[in-house]
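Participant: Chain by chain, the residues:
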Amino acid sequence: MRPPVAPTGWSRWLVPPAALSVHLSIGQAYAWSVFKPPLESAMHLSGTESALPFQLGIVMLGLSAAFGGTLVERNGPRWAMTVALICFSSGFLLSALGAATGQFWLIVFGYGFVGGIGLGIGYISPVSTLIKWFPDRPGMATGIAIMGFGGGALIASPWSAQMLESFGADSSGIALAFLVHGLAYAVFMSLGVLLVRVPRTEGAPRAGVPAPLEGVQVSARSAVRTPQFWCLWLVLCMNVTAGIGILEKAAPMITDFFKDSGTPVSVSAAAGFVALLSAANMAGRIGWSSASDLVGRKNVYRLYLGVGAVMYLLIARFGDSSKPLFIGCALVILSFYGGGFATVPAYLKDLFGTYQVGAIHGRLLTAWSTAGVLGPLIVNRVADSQEEAGKHGQDLYGLSFTIMIGLLVVGFVANELIRPVHARHHIPAPREATDDAAAERRQSA
Amino acid sequence: MTQPQSAGSPPSRRALTLFAWLWVGVPLVYGLYELVQKARQLFTG
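Here the protein sequences come in this chain order: A and B. First residue of the first sequence? That's 40 in the numbering used here, and the numbers climb one at a time after it. First residue of the second sequence? That's 563 in the numbering used here, and the numbers climb one at a time after it.
This is chain B alone, in the form it adopts within the complex (with noise of 0.2 Å):
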C-alpha cells in the first residue's frame, strides 16, 4: 500500500516532497513568527 521513503525511491520524488513540505511550511512559519510578534505583548505589554 506504501511506498516507504528507501534508497529505492525515486529521487525526484525526494524533491517533490521537500518542495511540497516548503510549499505549505514557509506560509505556516510566517504565520507563527507573527504570532510570537504578539503573543509577547502578554509579557511586555
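Just chain A, same shape as in the assembly (with noise of 0.2 Å):
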C-alpha cells in the first residue's frame, strides 16, 4: 500500500483525530480487568486464568511494534492503521465466538494474539507521521496521540461495563458484549483509517516549520547500534517502572498507609484516588510532552526522574502524616509516568530525526514490556516479603520505595549520558543534495 500523500489544502489538525480515533480504541486493553469477574464465573476460570488475554495482549503489543516498525514506516501510516482496525476488531470477533462456544482458547488467541498485534502496529502507526506534520512541536502532537491510549481506558471501562450489566454476565452475554465491540471499534477506528496523511515533501516548508527531512537522520537498524538508544531504553524502563510501583497496588497502598490514622481511607475512597491517578497519567501525557518542545526533551526528563525520585522520597518519609502531601506526590509521579511515554517519540526524533522514527520506537518499547513485568514483581515480591516478616501500613512499601529511588537515579543518570548521535550511524545525504551543496560551494569559491 502506497503512503497516502496529502493533497494541497489539507490542513495538519486532521492528522490527531486520525490518530485519537486508533489510541482512543486500543486503549480498551486497560479496560481489559471489566471483562475477568463474569469471565471467571461464566467459564469457571481462576483470576490468573482471566488475566491470560490481556497479558499475552501486552506481550504482542511490545513484539509487534517492535518487530513491525519497519514494515510500518515503508507501507505508511494507512496500512499500518488497517492492520491495527483489522487485527483488534477480530480480536474481538474471535472472542466472541470463544465466549458463545465456551472455547477460552480463542479469546486468548483472539483478543490476546491476534488483538494484542493490531495493539503494538496500532500503538506505533501515526507516530511517525505525527512528528513529520508537526516538526515545530513533535511533543504536543505525539502527547495528544499517546494520551489516547490512557484515554481508551477510560471510555472503556464504564462503557464495557454498562454493556455488560444490559446483556447479562453469562457466555452470551459476554459473547454479545465483544461482538459490539469489534463492530464499535472497527467503524470508530475507520476515520483514522480515512483521514491520516502523509505531509506532502515538495515544495517550500510553511515559514518558522522546519522541513520534515532536514538534520540528522538515522535508520532503525544503526540506532540500535548507538549507547543513545540503550540509554534512552533504561531512561524509559526506569521511569515505567517507578510510575507501576505505585499503579499496580494504589489502592491497597493508600489504605495501609492510613490504616491506624484518624481518618482511615474506605474501599470507595481508594477507587477514587486510582481514577484520580488515571487522570494525572492522562494529563501528564499531554501536559508534560508538550512542555517538552518548550524546554527540550533532556530537561524535562530530569524532571521525571529526579523530581520523581523526590516525590518517592517524600512519600516513604512523611507520607503517613499527611493525605494531601501522599496524593498529591502520587499524582506527581503517575503524570511523570504518563509524560515519559508521550515525550519518548519526540526525544527519538531529536536524536534520530524523523527518518525511521516509528521504527526505532517500536524496538523502543521494549522497554515497557521489561517495566511491565518488572515493576509489579518488584512491588508485590516486597510487599509479601514484609508481610511475612510480620510488618504492616506504611512499613510494607519502604524496601520498594527506596528500591524505587534508587532505580530513578540509574534512569537520571542514563539521560546524563545521552550525547548527539555520532555522524558514523547517519544516512548519507541524498546525491542531489550533496551535488548542490558542492555546485554552490564551487561558485562562491
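Everything labelled a hint here was simulated from the structure, so no lab data went into it. Among the clues, some could well be false.
[Stated by the list, open to error] Covered, in the sense of this in silico footprint (three residues per stretch, anywhere, with C-beta under 8 Å from a C-beta of chain B), are these stretches of chain A:
id : region
1  : 51–62
2  : 314–327
[Said to hold, decoys possible] Computed, partial: chain A to chain B, Cβ under 10 Å:
id : residue
3  : G190
4  : G191
5  : P197
6  : W198
7  : F227
8  : L234
9  : I293
10 : V304
11 : I366
12 : G367
C-beta: ideal position from N, C-alpha, C; glycine also.
Each of the two chains sits in its own frame; use the hints to bring them together as a complex.
Facilitator: And the structure:
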C-alpha cells in the first residue's frame, strides 16, 4: 500500500483526530479487568487464567511494535491503521465466538494474540506521521495521540460495564458484548484509516516550520547500535517501572498508609484515588510532552526522574502523616509516568531524525514490556516478604520505594549520558542535495 | 508542507476537521465525566 500523500489544502489538524481514533480504541486494553469477573464465573476460570488474554495482548504489543516498526515505516500510516483495525476488531470477534462456544483458548488467541498485534501496530502507526506534520511541536503532537491510549480505558471501562449489565454476565452476554466491541471499534477506527495522510515533502516549508527531513537522520538498524538508544531504553524502562510501582498497588497502598490514622481510607475512596491517578497519567501525557517542546527533552526527563525520586522520598518519609502530601506526590509520579511515554517519540526524533522514527520507537517499546514485568514483580514480592516478616501499614512499602528511588537515579544518570548521535551512524544525504551543496561551494569559491 | 487553516482553506475541510474532532472528543468527554464521578469518591467516600 502506498502511503497516502496529503492533497493541497489538507489541514495538519486532521491528523491528530485520526491518530486519536486508533489510540482511544486500542487503549481499551487497560479496561480488560471489566471482563475478568464475568469470564471467571461464566467459564469457571481462576484470576490468573482470566488475565491471560490481557497479558498475551501486552506481550504481543511489545513484539509487534518492535518487529513491525520497519513495515509500518515502509507501508505508511494508512496500512498500519488498517492492520490495527483488522487485528483489533477480529480479536474481539474471535473472542465473541470463543465466549459463545465456551472455548476460552479462542478468547486468549483472539484478544491476546490477534488483538495484541493490533495494539502494537496501532500504537506506533501515527507516531512518525505526527512528527512529520508537526516538526515544530513534536512533543505536543505525539502527546495528543499517546494521551488517547490512556483515555481509551476511561471510555471502555464504564461502557463495557454498562454493556455487560444490559446483556448479562453469562456466556451469551459476554459474547454479545465482545461482538459489539469488535464492530464498534472497527467503525470508530475507520476514521483514522480514512483521514490519515503523510505530508507533501516537495515545495517550500511553512514559515517558521522546518522541513521534515532536515538535520540528523539515522535508520532503525543503525539506531539500535548506538549507546543513545540503549541509554534512552534504560530511561524509559526506569521511569515506567517507577510509575508502575504506584499504579500496581494504588488502592491497597493508600488504605495501608492511613489504616492506623484518625481518618482511614474506605474502599470507595481508594477507588476514587485510582481514578485520580488515571487522570494524572493522562494529563501528564499531553501536559509534560507539550512542555518538552519548550524546555527540551533532556530537561523534561531530568524532571521526571529527579523530581520523581524526590516524590518517592517524600512519600516514604512523611506520606503517612499527611493525606494531601501522599496524594499529591502520587499524582506527580503518575503524571511523570504518562509524560515519559508521550515524550519519548519526540526525544527519538531529536536524536535520530524523522527518517525511521516510528520503527525506532517500536523497538524502544521493549523497555515498556520489561518494565511491565519488573515493576509489579518488585512491588508485589517486596510487599509479600515484608508481610511475612510481620510488618504492616506503611512499612510494607518502604523497601520497594527505596528500590524505586534507586531505579530513578539509574535512569537519571542514563539520561545525562545521552549525547548527539555520532556522524558515522547518519544516513548519507540524498545525492542531489550533496551535488547542490557542492555546486554552491564551487560557485562561492 | 503544511497548509495553515487560513481564510483560503476550503470550507469543507473546516467542517471535516470539526467532525473529526467531535468524533474523538465526544467519547473522550464521556470517559472523563465517568472518571470525575469516580474520583469524587476519594473526597466523599
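Participant: Each hint should be assessed against the structure and marked as holding or not.
Facilitator: Hints, one by one, checked against the model:
1. 51–62: Satisfied; 7 residues make the cut.
2. 314–327: Holds, because 4 residues of the region 314–327 of chain A bring their Cβ atoms closer than 8 Å to Cβ atoms of chain B.
3. G190: Holds - the Cβ of G190/A comes within 10 Å of chain B, reaching about 5 Å at its closest.
4. G191: Status holds, d = 8 Å.
5. P197: Constraint on P197/A satisfied, holds at 4 Å.
6. W198: The hint holds - W198/A has a Cβ within 10 Å of chain B, the shortest such distance being about 8 Å.
7. F227: OK, holds: F227/A within 10 Å of chain B, min 8 Å.
8. L234: The hint holds - L234/A has a Cβ within 10 Å of chain B, the shortest such distance being about 6 Å.
9. I293: holds (9 Å)
10. V304: holds (8 Å)
11. I366: With a minimum Cβ separation of about 8 Å from chain B (threshold 10 Å), the hint on I366/A holds.
12. G367: Violated - the Cβ of G367/A stays beyond 10 Å from chain B, reaching only about 12 Å at its closest.
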